[in-house]
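Make a model of the complete structure from these sequences and hints.
Protein chains: 2
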Amino acid sequence: MTKAMNSKRKKATKVRRRLSANDREQQIVEEAIHFFAEGGFGGQTRELAQRLNITQPLLYRYFPTKQDLIERVFNEVYINRINPSWATLLRDRTRSLHDRLGDFYRHYSEATYRYEWIRLYMFSGLRGEILNRRYIRIVEDTLLMPICEEIRDYCGWPSVDEKPITELELEQVWVMHGGLFYYAVRKHIYHSEVSDDFPAVVSQVVTTVLEGLQSRMSKGKP
Amino acid sequence: MTKAMNSKRKKATKVRRRLSANDREQQIVEEAIHFFAEGGFGGQTRELAQRLNITQPLLYRYFPTKQDLIERVFNEVYINRINPSWATLLRDRTRSLHDRLGDFYRHYSEATYRYEWIRLYMFSGLRGEILNRRYIRIVEDTLLMPICEEIRDYCGWPSVDEKPITELELEQVWVMHGGLFYYAVRKHIYHSEVSDDFPAVVSQVVTTVLEGLQSRMSKGKP
DNA sequence: AATATTGTTTATCATATGCTAAATTAAATT
DNA sequence: AATTTAATTTAGCATATGATAAACAATATT
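In order, the protein sequences belong to chains X and P.
With this note's numbering applied, the first sequence corresponds to residues 1 to 222, in that order.
With this note's numbering applied, the second sequence corresponds to residues 1 to 222, in that order.
Please keep in mind that the hints were generated in silico from the structure rather than gathered at the bench.
A portion of the hints provided could be inaccurate.
Identical copies go unnamed one by one, so any copy, or any two together, can satisfy a pair.
Here are the simulated lysine-lysine pairs, DSS-like style, with alpha carbons at most 30 Å apart [said to hold, decoys possible]:
| # | residue 1 | residue 2 |
| --- | --- | --- |
| 1 | Lys163 | Lys187 |
| 2 | Lys66 | Lys163 |
| 3 | Lys66 | Lys187 |
Dropping the structure here:
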């Protein structure tokens, strides 16, 4: 029995060695995502290696420098995370704007309100990486601006062709968007207690904002 | 001329040495705030010393460990930053709730939407410091809950005595609060372009939220 | 002016940390 | 089975980094 266990354990301990280059690389990236998300990019390569059950120099076989690994992590987490179908969803005027926004934030939060995503994003921002500004630009152009336009339509305001979206209109949507994002910051960065019914929060907030904007409109505020 | 310049330069370089212990300590804390806010708590003590024009071991005369200095920075930045008069302001029902919230966020943002405050706060959160949760608790108890109560009154809902503030009501206010806070995150962490008229943003958001909530109420949603 | 006090620097230690070169060995190829 | 290929480890370099002890020197005290 002991023999069997030993051989089994041996296998369990050693069998994972000598992966194919592709598998090992992917494994490293995967673990690096968790690792850097937890402690930031100051984390030591030796500790990362330990978590992978490999030696530290092996990391350098796959990534020439730590910075290269970090950039790979960025790519893995942030590339192609914005689904183009979301913009389509938002513009679908056969549905109520309330439902569209609810659906959108359900999808959006599933993709981005994750422990790794949120934390790496904030670490990256504090580091002064270009990533965040680039991401914000995309969010603004492909998501928030369309939302502004749908709000225009919802409230019966002039179309974008007649009058471009103003800075304040965009900021209004940013506060909603940022407020919902901040829910994830409270949860994953501060480890604070938050409501466990995020869709309910979205629904309530969206209702309030839409009703509020519509009410402002009826009082003659474009 | 060269002589005069030399002696002058010498003076300029050396005259600031040998401060009183109190002055030196304060000077170190002050610089440490900027230093850690920029690069995080991983910043090297040697670099901090260089910026202070002192040698690195001198830091350890005033702070036994780096961690001690960091905690001192926390105290300096976060202790007594919440002005009790804000809660009073918020409860002053002789004024419109819109004006009260506008004033409150003017004061609150002046105190906390600062480069150092925001960044140290986020660095601290990512580090897992208790600071953030403690701060959040205070914000919730002394600011957001009162706001919830005022909203109840504003909308003509039952008082808190009759029915405690629900989780969703608090979350609604958190999204507004967090959304406004996120304005500062975009500015000071992502270095993104934001509207330079924050009071206008506040005014607009507050109007929308208040109108929206009131409108929901009139449709029978407490 | 001599002495005591204390703010500051010099020199240094121990460990951490990114990274490299060469040796080793598991797996693929012949 | 012998040989080649390539994944992995061992050993170690160079510099970074928090921290300490002792020497030094500006200021205060006598």
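Using 30 Å as the alpha-carbon threshold, which applies to Lys163 and Lys187: within, between, both, or neither?
-> For Lys163 and Lys187, only the inter-copy Cα distance (27 Å) is at most 30 Å; the intra-copy one is 39 Å.
Intra- versus inter-subunit Cα pairing at 30 Å for Lys66 with Lys163 | Cα proximity of Lys66 and Lys163: none, with 48 Å in one copy and 55 Å across.
Under a CA distance limit of 30 Å, which applies to Lys66 and Lys187: within one copy, between copies, both, or neither?
-> both (29 Å within a copy, 28 Å between copies)
Taken one by one, the earlier hints fail for this structure only at number 2.
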